[in-house]
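From first to last, the protein sequence lines stand for chains P and U.
Per our numbering, residue 1 is the first one in the first sequence, and the count goes up by one each step.
Per our numbering, residue 1 is the first one in the second sequence, and the count goes up by one each step.
Quick caveat, the hints were computed from the structure, so don't treat them as lab data.
The beta carbon of each residue, even a glycine, is placed where N, CA and C say it ideally should be.
Among the hints, a few may not be true.
The calculated label-pair distances, taken between Cβ atoms and stated as ranges, are [said to hold, decoys possible]: (1) P:D403 <-> U:D25: 52 to 58 Å; (2) P:I418 <-> U:E61: 16 to 22 Å; (3) U:S5 <-> P:G150: 18 to 24 Å; (4) P:E9 <-> U:V34: 44 to 50 Å; (5) P:D159 <-> U:D25: 41 to 47 Å; (6) P:A204 <-> U:S5: 52 to 58 Å.
Using 20 Å as the maximum straight-line C-alpha spacing, the simulated DMTMM-like pairs for lysine to aspartate or glutamate come out as follows [said to hold, decoys possible]: (7) U:K123 <-> P:E417; (8) U:K47 <-> U:D26; (9) U:K47 <-> U:D59; (10) P:K13 <-> P:E312; (11) P:K318 <-> P:E161; (12) U:K47 <-> U:D25; (13) U:K16 <-> P:E417; (14) U:K123 <-> P:D366; (15) U:K80 <-> U:D28; (16) U:K129 <-> U:E119; (17) U:K47 <-> U:E106; (18) U:K129 <-> P:D366.
Each chain, written out:
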Amino acid sequence: MTSVGFDVEAVRKDFPILSREIHGVPLIYLDSANSAQKPQVVIDSEADLYANHYANVARAVHTLGSEVTHAYEGARDKVAAFLNAPSRDEVIFTRNITEALNLLAYSLSNASTFPGAQRFRLGPGDEIVVTEMEHHSNIVPWQQLAQRTGATFRWIPIDDEGRLVESAIDEVITERTKVVSFVYQSNALGTINPVRRIAERARAVGALSIVDAAQAAPHLPLDVQDIGADFVAFTGHKLYGPSGVGVLWGRYELLADLPPFLGGGEMIETVAMSGSTFTAPPHRFEAGTPMIAQAVALGTAVDYVTALGMDEIREHEKALTAYALDGLQAIDGLRIIGPSTSLDRGATISFTLPGIHPHDVAQLLDEQGIAVRAGHHCARPVCLRYGIPATTRASFGVYTTSDEIDALVSGVKHVQEIFA
Amino acid sequence: MSADSLYQQIILDHYKNPHHRGLPDDFDAEVHHVNPTCGDEVTVRVKLTGGAIVDLGWDGEGCSISQASTSVMSELVVGKAVDDAMALQDKFLSLMQSRGNATLSEADEDELDDAVAFEGVSKYPARIKCALLGWMAMKSAVAEAGWGAGTNSAGETA
Ligand SMILES: Cc1ncc(COP(=O)(O)O)c(C=O)c1O
Numbered sequence: 001m002t003s004v005g006f007d008v009e010a011v012r013k014d015f016p017i018l019s020r021e022i023h024g025v026p027l028i029y030l031d032s033a034n035s036a037q038k039p040q041v042v043i044d045s046e047a048d049l050y051a052n053h054y055a056n057v058a059r060a061v062h063t064l065g066s067e068v069t070h071a072y073e074g075a076r077d078k079v080a081a082f083l084n085a086p087s088r089d090e091v092i093f094t095r096n097i098t099e100a101l102n103l104l105a106y107s108l109s110n111a112s113t114f115p116g117a118q119r120f121r122l123g124p125g126d127e128i129v130v131t132e133m134e135h136h137s138n139i140v141p142w143q144q145l146a147q148r149t150g151a152t153f154r155w156i157p158i159d160d161e162g163r164l165v166e167s168a169i170d171e172v173i174t175e176r177t178k179v180v181s182f183v184y185q186s187n188a189l190g191t192i193n194p195v196r197r198i199a200e201r202a203r204a205v206g207a208l209s210i211v212d213a214a215q216a217a218p219h220l221p222l223d224v225q226d227i228g229a230d231f232v233a234f235t236g237h238k239l240y241g242p243s244g245v246g247v248l249w250g251r252y253e254l255l256a257d258l259p260p261f262l263g264g265g266e267m268i269e270t271v272a273m274s275g276s277t278f279t280a281p282p283h284r285f286e287a288g289t290p291m292i293a294q295a296v297a298l299g300t301a302v303d304y305v306t307a308l309g310m311d312e313i314r315e316h317e318k319a320l321t322a323y324a325l326d327g328l329q330a331i332d333g334l335r336i337i338g339p340s341t342s343l344d345r346g347a348t349i350s351f352t353l354p355g356i357h358p359h360d361v362a363q364l365l366d367e368q369g370i371a372v373r374a375g376h377h378c379a380r381p382v383c384l385r386y387g388i389p390a391t392t393r394a395s396f397g398v399y400t401t402s403d404e405i406d407a408l409v410s411g412v413k414h415v416q417e418i419f420a
Numbered sequence: 001m002s003a004d005s006l007y008q009q010i011i012l013d014h015y016k017n018p019h020h021r022g023l024p025d026d027f028d029a030e031v032h033h034v035n036p037t038c039g040d041e042v043t044v045r046v047k048l049t050g051g052a053i054v055d056l057g058w059d060g061e062g063c064s065i066s067q068a069s070t071s072v073m074s075e076l077v078v079g080k081a082v083d084d085a086m087a088l089q090d091k092f093l094s095l096m097q098s099r100g101n102a103t104l105s106e107a108d109e110d111e112l113d114d115a116v117a118f119e120g121v122s123k124y125p126a127r128i129k130c131a132l133l134g135w136m137a138m139k140s141a142v143a144e145a146g147w148g149a150g151t152n153s154a155g156e157t158a
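Produce the entire structure from the sequences given, and follow the hints as far as they go.
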């Protein structure tokens, strides 16, 4: 069932929450796409920083200040290596991916008045392109940017199987396009998009390309040089790291000319009452005291998944996904929303059941100890596209077993019996 | 199905066989309420005569909690004096806000009748709005029909 060399039982021992019971039965956590559980090393890492090394970063000359700065900047090195980034100075810590995407959108609108940032200016006649399967956090900031600048907001549509309409990529991304922001793996459909192809098209028309890798980072080897986009962002809590920290990676030559988003401490070069100048990336984009302990623990999470091996994780989850697709599709009436085979899709499966609302499915599964998500998954346009109010979504992670998928399948059948 | 399941048989029965479902042609007010978390929707029409809810019909779609609760509500309030229906609405609201710690007197239980089955919902903050959807719509519809705004309990304009 799972790939050789991946010992899921050993992995499970790393996650203390997996020994919890829910309603008197062992927890089956199938909501990792929403937020992943934390291994003990990540929990310890945050606690150890507070217990033994805590002070503010970058400003203190004392020993603790040096230790904590070392730990924080060390996390940046780890993330840079994880992404295969050419330079550590291309890694910016943010609060989450939502903030990373907003940082870009606001920096681009700040370009309209920022000296030397002409190349980033947007205005009427320019176009911003996303896809129909984006998370709200990769839709709303771009709609707002379009509104602030007068640019036009456009999108690449999806087909019945939950894939981007291939021919639309070249039709929608044109010489008028200035920004293309798209999801690597869809959180609502599980689809893995042809990111290299889209980044290449964006480059060909001279547009900036931005990849939402929130759902890719925990499941696939991420290599920013191989993807070929200008910016790649992800969020720490889905990568087995703590909540409160995310990452924006960007090409240095772009970051070097991009105006700051937030102003404040640590992002300046000089400040006088007559005006201020700004420091170089990445610190230009990290105003104020950052999420110190969370960034350090994210570094530990990166070490953790790297030690498991991103290729091994991908194989483990691919096997589980194929197994789950088979089991779920054998259920009477169950409809998969998204690709129905494991080709180019990740370990996130959305489905509907005739006559039973997803919230009822999720609640009844919870009574059996199974945690899944129900709703529009912050990707409401996807639900509108398929004419459904919501879906039930099961998503897998490093700790998911085939037994848990069996429990899901029989749990769903039980729900059907209750409503029969 | 365990005894402490949210999905009491009464709830499932009302979901499968809803009461007063369908929109009557003769009505004083119609309201449409939506619960954005589940995407539940309900339309309620009421007819008031002589200070009483003489007819109420509804249509809707959504989760079983919202649809069953609307069915139970309609069963309870049709034929009641508006004042009594409002008092009952209040009681149901308190039950939903009880976080699973409600202490209902026997009289309360009698009055709430099938609505008691929703007690367990109060432990799930995400679902309370589902259970309240129809009740809130009924209250708005009654208000829209002119109740409480310049009317007295005899249903006459003051
Ligand atoms: C594809 C995708 N993008 C963005 C986000 C937003 O993540 P966060 O809430 O951590 O900013 C999510 C999380 O649900 C996601 O799945």
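Quick rundown of the hints versus the structure:
1. P:D403 <-> U:D25: 52 to 58 Å: 56 Å, holds
2. P:I418 <-> U:E61: 16 to 22 Å: Once the Cβ atoms are compared, 19 Å apart, the range 16 to 22 Å for E61 of chain U and I418 of chain P holds.
3. U:S5 <-> P:G150: 18 to 24 Å: 54 Å, violated
4. P:E9 <-> U:V34: 44 to 50 Å: With a Cβ separation near 46 Å, E9 of chain P and V34 of chain U satisfy 44 to 50 Å, so the hint holds.
5. P:D159 <-> U:D25: 41 to 47 Å: This hint holds: roughly 43 Å between Cβ atoms.
6. P:A204 <-> U:S5: 52 to 58 Å: Roughly 57 Å apart at Cβ, these two residues keep to the hinted range, so it holds.
7. U:K123 <-> P:E417: 24 Å, violated
8. U:K47 <-> U:D26: Given that 20 Å is the threshold and the Cα spacing comes to 7 Å, the pair holds.
9. U:K47 <-> U:D59: 15 Å, holds
10. P:K13 <-> P:E312: 18 Å, holds
11. P:K318 <-> P:E161: Answer holds: K318 of chain P to E161 of chain P is near 18 Å, not above 20 Å.
12. U:K47 <-> U:D25: 10 Å, holds
13. U:K16 <-> P:E417: 13 Å, holds
14. U:K123 <-> P:D366: 13 Å, holds
15. U:K80 <-> U:D28: Holds: K80 of chain U and D28 of chain U sit about 16 Å apart, inside 20 Å.
16. U:K129 <-> U:E119: 13 Å, holds
17. U:K47 <-> U:E106: Outside the cut-off at roughly 31 Å; violated.
18. U:K129 <-> P:D366: 19 Å, holds
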